[in-house]
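Chemist: From first to last, the protein sequence lines stand for chains A and B. Convert by adding 148 to the 1-based position in the first sequence; the result is the number in our numbering. Going by our numbering, 12 is the number at position 23 of the second sequence; the sequence numbering is gapless.
Think of the hints as simulated: they come from the structure by calculation, not from any bench. A few of these clues could be false.
[As the list claims (entries may be wrong)] One-sided excerpt, in silico: chain A residues whose CB lies under 8 angstroms from chain B:
(1) I236
(2) M237
(3) E325
(4) V326
[Stated by the list, open to error] When the alpha-carbon atoms are kept at most 30 angstroms apart in a straight line, the in silico DSSO-like pairs for lysine-lysine are as follows:
(5) B:K120 - A:K178
(6) B:K226 - A:K321
(7) A:K321 - B:K213
(8) A:K321 - B:K120
Here a beta-carbon is modelled for each residue, glycine too, at the ideal position from N, C-alpha and C.
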Amino acid sequence: MSKPIVATTSLAGCFGCHMSVLDIDDRILKLIDLVEFNKSPIDDIKTFTKQCDIGLIEGGCCNSENVHVLQDFRKNCKILVSVGECAIMGGLPAMRNGIPVEECIQEAYLDGPTVGNNTDKVLPNDEELPMILDRVYPCHEVVKIDYHLPGCPPRADLIWEALVALVTGDEMKLPYEVVKFD
Amino acid sequence: MSIFKKLFGKKSSIGSAVEKKEEVKIEATVDSETKIEEDKEIKHKAMSEKIKFTIDGKECLADKGQNVLDAALDNGVYIPFLCHVRGVKQAGSCRVCNVKVAGRTMTACTTPVAPGMEVENETAELTDLRKAIIEALFVEGNHFCPACEKSGNCELQALAYKFEMMVPRFPYEFPQKAIDADNDKIMIERNRCILCKRCVRSFQDDQGRSYFAFNKRGHELEIKIDQEVAANLTDEKAQEIMDTCPVGALLKKEKGFDEPIGTRKFDKTPIGCDNI
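I would like the entire structure built from these sequences, with the hints used as guidance.
Modeler: Put into structure tokens, the structure is as follows:
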């Protein structure tokens, strides 16, 4: 029997959740026995090469590319899991929600204290660049998400337990200390 | 001679004062003795006047006039709540302590115990209702736990843990809220305020004036600090205010994060009777 296939991605996230996946320590060897990885920053496969069973999503949607990737994941994965606060509620990037995009861009590229030598007052406007959304959206407000793992990042034990439960079909153990929002 | 008289006079006046004091003392002891006896009688009466009622079938005793929530806690039964503060007038504003009596849902904090009352507490229906309220509070504000000073000690978060909230069932509102940092000791982070009114009801100065009040109405309702009354807040009072706030809306200034993850109030122990 072929191994279940896992894909992962980081949308508007900081890669902290991916770090937490690696934080399962030596269980990573068991993980390799248990599953096969497809599109993921872990193995650097850029595009889906086959249908996957589980997609782990880190980060919310802050631009058109995030939405595109997320929809691609929904098409190619049987089960999608929102991993971490950003995927679940937008997280830190969502602090811009409520502030008009124009003001955000203005602050980031023209008025901000760390803006250095943008003397020509250029705003990034290349058609190759993804368009920024009006606000940051939690993943489940863009596509159907099957499971949510809270935390910033979710504890490695929580990610491990969830993956094993999904792969083996056993009921997931949720010890109190493992489900935390920070 | 005049000096002697003066001395004598003084002496005599001192003597009479001592006598008077003794008299007063004797009266006082008589008073306190009768008071103790009266207290005993009252206590005895109160003991005999304890009201019997049940929570999920468990037999409980309550004092006359006591509310269901306090009585439950006294009997070791935890009913989840957010806005209630013991000894402070109840508001019934958070609705988390909803219980069911005779088929009707009512807030335990505002309902006095009645003899023979059968209270339903831990039912699937009530748990889901309470969870829904917690989820609604999460989407109504901007509760970004990883960046909150109160995380780990927050009662809203602890209840979300208790009900195993993985994601709210409602869409996020991302409201725009203003932060008020004008006071020297207290900062108001309205993004996290759940409008439970604990601060308004709990804190008054020596003239009975509230430090906090509600401002505006309806969807714009917000908590406001009275700068005049709160001008001379002490550090201790500011800490007490921060500890009373169930969320991270009232913060003591210049404090920040001082407890490592793993040692905070609700890191390892779920919210319940022992660690409210």
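Chemist: Each hint needs a verdict: does it hold in this structure or not?
Modeler: Hints and how they fare:
no.: 1; hint: I236; in the structure: holds, 5 angstroms
no.: 2; hint: M237; in the structure: holds, 6 angstroms
no.: 3; hint: E325; in the structure: holds, 6 angstroms
no.: 4; hint: V326; in the structure: violated, 10 angstroms
no.: 5; hint: B:K120 - A:K178; in the structure: violated, 36 angstroms
no.: 6; hint: B:K226 - A:K321; in the structure: violated, 42 angstroms
no.: 7; hint: A:K321 - B:K213; in the structure: violated, 43 angstroms
no.: 8; hint: A:K321 - B:K120; in the structure: holds, 20 angstroms
Checked against the numbered hints above, the structure violates hints 4, 5, 6, 7; every other hint is satisfied.
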